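So the sequences go chain by chain: P and V.
Numbering-wise, the working numbering puts 21 at position 21 of the first sequence, and it's gapless, one number per residue.
Numbering-wise, the working numbering puts 144 at position 144 of the second sequence, and it's gapless, one number per residue.
Misleading hints may appear alongside valid ones.
No distinction is drawn between identical chains; accordingly, a pair holds when it is met within one copy or between any pair of copies.
Claimed, not checked - In the DMTMM-like style, the derived pairs of lysine to aspartate or glutamate whose C-alpha atoms are separated by at most 25 Å in a straight line are:
1. Lys167 to Asp70
2. Lys135 to Asp193
3. Lys132 to Glu114
4. Lys28 to Glu191
5. Lys132 to Glu191
What the hints contain is simulated information worked out from the structure, not anything from laboratory work.
Being a predicted model, the structure only gives us computed values, none of them experimental.
Protein chains: 2
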Amino acid sequence: MNLFFSKNIDKDLNKIILDGQEHLHLIKVLRKSIDDNINVTDGFGFIYLCKITNIHKTYTDLTINEIINDNSHKPKLNLAVSILKKSNRFEFLLEKAVEIGVSEITPIISKHTEKKKLNFERLNKIMLSALKQSKSSILPKLNNTIEVKHYIDNTSSSYSNYVATCKNNQTKSINSILKPNLNVNILIGPEGDFSHDELIYAKNANFTPVSFSNKRLRSETAAIYFCTLFSYINKL
Amino acid sequence: MNLFFSKNIDKDLNKIILDGQEHLHLIKVLRKSIDDNINVTDGFGFIYLCKITNIHKTYTDLTINEIINDNSHKPKLNLAVSILKKSNRFEFLLEKAVEIGVSEITPIISKHTEKKKLNFERLNKIMLSALKQSKSSILPKLNNTIEVKHYIDNTSSSYSNYVATCKNNQTKSINSILKPNLNVNILIGPEGDFSHDELIYAKNANFTPVSFSNKRLRSETAAIYFCTLFSYINKL
Chain P
1 MNLFFSKNID KDLNKIILDG QEHLHLIKVL RKSIDDNINV TDGFGFIYLC KITNIHKTYT
61 DLTINEIIND NSHKPKLNLA VSILKKSNRF EFLLEKAVEI GVSEITPIIS KHTEKKKLNF
121 ERLNKIMLSA LKQSKSSILP KLNNTIEVKH YIDNTSSSYS NYVATCKNNQ TKSINSILKP
181 NLNVNILIGP EGDFSHDELI YAKNANFTPV SFSNKRLRSE TAAIYFCTLF SYINKL
Chain V
1 MNLFFSKNID KDLNKIILDG QEHLHLIKVL RKSIDDNINV TDGFGFIYLC KITNIHKTYT
61 DLTINEIIND NSHKPKLNLA VSILKKSNRF EFLLEKAVEI GVSEITPIIS KHTEKKKLNF
121 ERLNKIMLSA LKQSKSSILP KLNNTIEVKH YIDNTSSSYS NYVATCKNNQ TKSINSILKP
181 NLNVNILIGP EGDFSHDELI YAKNANFTPV SFSNKRLRSE TAAIYFCTLF SYINKL
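Using the sequences provided together with the hints, build the complete structure.
Structure follows, in structure tokens:
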């Protein structure tokens, strides 16, 4: 069954409104009618099993029959990754991160980041499409772009903090450090890696430098590699 | 240090010839000169530490100083994946598979495969570029396209054989079956998954149906997900 997305959810009244593209897809493409059952997510880990109660020109009314919480006590992964030179590589990373599953994605700017701007409207569309395609109920939060040192300053000390780097100064292999049931922040740098200064800054803030394999992975590959291991280790 | 690729390697005479783009990159872009040291791979797991002995207009002569075998007794991963509707998704998959590391990649055609042709010249260029970028010494063998049942007929019984599917008929989670130090064949289907008939055919040939996570991953995501876990489990 297809999964729909809505922000207009009233749990008290047991009502959901589907509008915009979601409404059009439901009525014009899938040609659903009154009394048909559909599933809706709020992107926060809840799935609502609903029945169509009314169809208007620009929106559809749904009644909630059952609520499933798909996000209870799962460990959190916050991915902080440099904006990349080519937007298609960053977009691909974002799509894969949503499919495989992360909690938050923060685009960062570091010394060697060449491109500084992102099209957030386009990125949000890609994420929503990946959410629905993968039938996931958790839409990661896409944060505003932030300078890497500010990101480090604002991380929680209750998380396990890692910084990925190809510079072989005392990095630990991911095989030796990744453990289940821990909330994680991972920093991934741009094409030219983090600067020496940024790595020192991160280490002083209790970020452990890690390497992912014996190879030199591209930034987007490193991000997808880490999301995969986090999902595997935590059986998500 | 940059890694170069050559097929013109004479181990008996300790000589390597770099030509084409590799020669131009070495001399025109990196401006290397006689007596400079460079590393070369044959794509079969060997890295040759060399010295430049002569520079001609269209090629460079190298002398081998040392040979490192980077491929001894590593388990093999053969990835058989359906051609995808959008070529950029298949190309991305191929690039990531080379970076993370696989032994062979076979494009397959199954009942639901919509596109039947690939530009092998372009794919080989992408793979070579990914090999050099990731400083890997193993260039996966890109096989000719084959029909999925023919692929299954020709697989070795000494390998662990898996077929990825979203159809929840007795699939096992990858978490429960992946073990280190085993040679593996993994089949990944097209956007519409394998047909019921193909899944039965694979099961009868001792392919275990597997699912990768609780989500519905796109074909290229499933392929990258599996390559990552194989690399992690085997500490490659």
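Consistency of the hints with the structure:
1. When the C-alpha separation of Lys167 and Asp70 is checked against a cutoff of 25 Å, the pair qualifies only between copies, where the shortest distance is 20 Å, while the shortest distance within a copy is 38 Å.
2. Proximity of Lys135 and Asp193 under a CA criterion of 25 Å is satisfied inter-copy only: 15 Å between copies versus 34 Å inside one chain copy.
3. Only between protomers do Lys132 and Glu114 lie at most 25 Å apart by alpha-carbon distance; the minimum there is 22 Å, versus 32 Å within a single protomer.
4. Proximity of Lys28 and Glu191 under a CA criterion of 25 Å is satisfied inter-copy only: 23 Å between copies versus 44 Å inside one chain copy.
5. For a Cα distance limit of 25 Å, the shortest separation of Lys132 from Glu191 across copies, 15 Å, qualifies, whereas the shortest one inside one copy, 30 Å, does not.
Consistency with the previously given hints is maintained throughout, with no hint failing.
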